[in-house]
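Need the complex rebuilt from these two chains, each delivered in its own frame; the hints are there to steer you.
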Amino acid sequence: MAQDINPIPPALFLWEEALPGGCHWSGIVRRGNALRLTDLFGRANVSALFYNAEEKLERYNMPDTLKAQHTAHLTTGHALYSDMGHVLCSIIADTCGWHDTVCGTSDAGTVKAKYGEATYQTHRNAMHRNGRDGLLVELGKWGLGKRDVVPNANFFSRAVADDAGRLHFDATNSHAGAYVDLRFEMDVLVVLSAAPHPLDPRPDYAPGDVMLTAWKAGAPGADDVCRNHCPENQRGFYQTEILYR
Amino acid sequence: MSTFNLVESPLDPGQAVVDAVVNAGDPWIHEIKKGQVFRILDLEGNQAVDTLFYNAHDPEERYSATDTVRTQGALYLTAGTRLMSSEGRVMLTITADTCGRHDTLGGACSCESNTVRYALNKRPMHSCRDSFLHALAHYDSHKSGGGLTKRDITSNINFFMNVPVTPEGGLTFADGVSAPGKYVEMRAEMDVLCLISNCPQLNNPCNAYNPTPVRVLIWDAPEQ
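Going down the list, the sequences are from chains A and B.
Start counting at 1 in the first sequence, then tack on 1439, and there's your number in the numbering used here.
Start counting at 1 in the second sequence, then tack on 38, and there's your number in the numbering used here.
This is chain B alone, in the form it adopts within the complex (with noise of 0.2 Å):
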């Protein structure tokens, strides 16, 4: 195991703008505006936060897992990682990150893919694909981002998610780096709407078999 590199953040909860919890299998969808900074709290550790981004104002332009790690030629997200678009822009740059890895390959589960990788009969347990889409259906399409459907939903972020790849091309879903309190934060670099779901996987060692609540905190950018 490589050493992380983790870095803390000044930030005071004290001023955030937004600060919410979300609760284990529920969706979030909030935007962000270029300049201000997102926190991601892992309240229990070892919670999956699945992550989408789209650029508020072009919508097909979106968070691209190939091109973030293209762009930084390795496979894990941590601070100083460059969020990258489908249009090879930057979206937001990790800017704090006390968990140390997070991951981009193992994408969302779903009522389909839970059929496939653990039985047939689990087809009725609620999912990730399930929250975006039911975040989406409610999503005011009036708003910046609007009109966003299953077409849109594409290879996300797994947040606190530890997927290692072997250098014999294995993948592994192995025990979380991930703890109570543990955050990632991260700034906008354009004005951005972020999709969660708050993995409600249950067959999965990698929560312990136990969603957890996580917290999501906005500050405002710094005055100029």
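This is chain A alone, in the form it adopts within the complex (with noise of 0.2 Å):
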């Protein structure tokens, strides 16, 4: 379906796998290769958290992205830092122009304060899923746990700061199509919950559908809207080139 939107040439694309609303997911991606995130009907949230898969002691680091590059959220040319100096991975397209990172994820108890209680025993797989467990569990998959959650990302998904810092949830910030796309400058495990933002103050449980499609995009050239974004993320794609020298 995401094909459908902004066709990836064939001798390009790799994979596509759906994440249907409230679900996670994780699994590595290569270095060199990207991952487009496509909201299909606007109401996605994708909270998501990434790992030098490598030695995943080093992780996406909320605060040393936001301030290597003076920005409170996420778009086109900005680099997700780890907290090591690397680049895990950047993003080099983006249709809905601003994606959230300071707001983390529901946990079990908000999401039953928020939409009441939905067990697996009474929906099935209709069940309420909140963000923090669904992170928790894919990380068990990699011998990770509470300790290795942080700050993460939640792609499609805006709050606006008043002067005051008071947060405003912007309902209307995505739409059905909209896609982000993610270009890996490192080896990365990539861990993904698509459970509802967690200021999100519509009542009903209705997370949106995202479908996930990876590609071959190549490495960063010399006149790469992420490196040159900044002073600063040229150094920090020097630096994470100089790690696969």
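Source of the hints: derived by calculation from the structure; they are not laboratory data.
Check the hints yourself; a few may be wrong.
As the list claims (entries may be wrong) - Pairs of lysine-lysine residues, derived as PhoX-like cross-links and limited to a Cα-Cα distance of at most 25 Å, are as follows: (1) K1655(A) to K1495(A); (2) K188(B) to K160(B); (3) K1553(A) to K1585(A); (4) K1495(A) to K188(B); (5) K1580(A) to K188(B); (6) K1585(A) to K72(B); (7) K1585(A) to K71(B); (8) K160(B) to K1585(A); (9) K1585(A) to K1495(A).
What the hints assert, rightly or not - In silico contact screen, one side only, chain B against chain A (beta carbon under 7 Å); selected entries: (10) E98; (11) T104; (12) V107; (13) R108; (14) G145; (15) S151; (16) V154; (17) L158; (18) K160; (19) D190; (20) S193; (21) P243.
Beta carbons: idealized from backbone N, C-alpha and C, even for Gly.
Here it is as structure tokens:
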């Protein structure tokens, strides 16, 4: 389906997999490949964590990402930094325009309080799932756990801060068919949950479906939009590239 | 700039059971028992105090910047803010604040992030994450909260730092709102281990390129 929106040339296509709303996923994406996240119906939230596949103590670092690029949100041109000064992946295309990385995830308590209880016993796979437990289940598959949960990215979601710092969720941020392309600059363990954003005020539990599409993006060139976003990124890309020399 | 909600404390430093100075660039690690009150005092002004908390009995439960932001629906920390754990529980409540705004998005400086932010040759400079690692390496693992490593260093609080987020989604390190003698005080709602790095950053104008000491105090819970 994502292929219908902005086709990836068949020679570059690697694989495609559905991530239904509320569900979770993890896998390795190799350096030089890209992962497209597509919000199929305009109501998706994808909570994401990233780990260096070779040394999983190295992981996505929200503050380092924001400080390096003087931003409090993510979009085209931004790099997602690890805590070790490396670029795990970078956003090479984005038709949504704003992705949150400061609000974290829902957990079992907040989902139950907001949407009521819907267990597997009564609802089968339409049960209510929460972001934190989805991430923990996937992390467990790689020998990781609670100590490895750090502030995450929330693709397709936006919460705007007012002067006093109060956050206002923007339910119009995404749209059906919106996508964001992450190009991986390292071999990375990607951990995803498509549970609702924790500040989404809509009362119904209706997390949006997502399509994952992997393709060969190649190495960033000298004129790359992410490398040249700021001098900080030029240094970050350099330090990442020398890992592989 | 919105108006800050400044709240003073009635507590007498003479009655404190812990009263210590943490020099610039030093870490400090200490348990705070449930009911005790913990104050950090900015002795010379605009010093960043990078702070992490762990459940003293189960350190897999730790301070969570995002759970704190999510729970209060707001970015900045001040009097009334509940500092939330990764398990969605209140670890400490800020009960007094004469500064008015504290950050939890800016994280802690490190050798590696300094190379990205400032220049590749900044790697040898002292940093908060080196202080965190140094403190954890020497912390007695038989005490509660022992066995902590790099894996446990997560996004921290920066007391006395002003990092405004604009409605357009920009992030700025603004002039400090702190000053000599300003303090923030919090009551522990569970037994916690507190890990501080008194920030040694020399590359950021927010502390006038001059890291300075802070004072830390603990009072016992009032008699029931």
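Note to self: E98(B) was flagged as interface toward chain A. Is the shortest Cβ-Cβ separation under 7 Å?
What the structure shows: Status holds, d = 5 Å.
Notebook entry, point to check: Is it true that the CA of K1585(A) sits at most 25 Å from the CA of K1495(A)?
Noted result: Roughly 13 Å separates the two Cα atoms, so the pair holds.
Margin query: Between the alpha carbons of K1495(A) and K188(B), is the straight-line distance 25 Å or under?
Written below: 11 Å, holds
Notebook entry, point to check: Is the shortest C-beta separation between V107(B) and chain A less than 7 Å?
Noted result: Interface hint status for V107(B): holds (6 Å vs cutoff 7 Å).
Next item on the list: Return the status of the interface hint for L158(B): holds when the least beta-carbon distance to chain A is below 7 Å, violated otherwise.
Entry: 6 Å, holds
Item checked: 25 Å limit on alpha-carbon distance, applied to hinted pair K1585(A) and K72(B) -> 23 Å, holds
Check: Taken at face value, is the distance from the CA of K160(B) to the CA of K188(B) at most 25 Å?
Finding: 21 Å, holds
Margin query: Take the shortest C-beta to C-beta distance between G145(B) and chain A; is it under 7 Å?
Written below: Since the shortest Cβ distance to chain A is 2 Å, the answer is holds.
Checklist line | Proposed proximity, K1585(A) with K160(B) (alpha carbon, max 25 Å) | finding: 32 Å, violated
Notebook entry, point to check: Once the shortest beta carbon distance from K160(B) to chain A is found, is it less than 7 Å?
Noted result: Check failed: Cβ of K160(B) comes no nearer than 10 Å to chain A, outside 7 Å.
Margin query: Hint check: K1580(A) vs K188(B), CA-CA at most 25 Å. Holds or violated?
Written below: Measuring from Cα to Cα gives roughly 21 Å; hence the hint holds.
Margin query: Just to be careful: measuring from the Cβ of R108(B) to every Cβ in chain A, is the smallest value less than 7 Å?
Written below: Holds. Min distance 5 Å.
Going down the numbered hints, you'll see the structure goes against 8, 18, 21, while the others check out.
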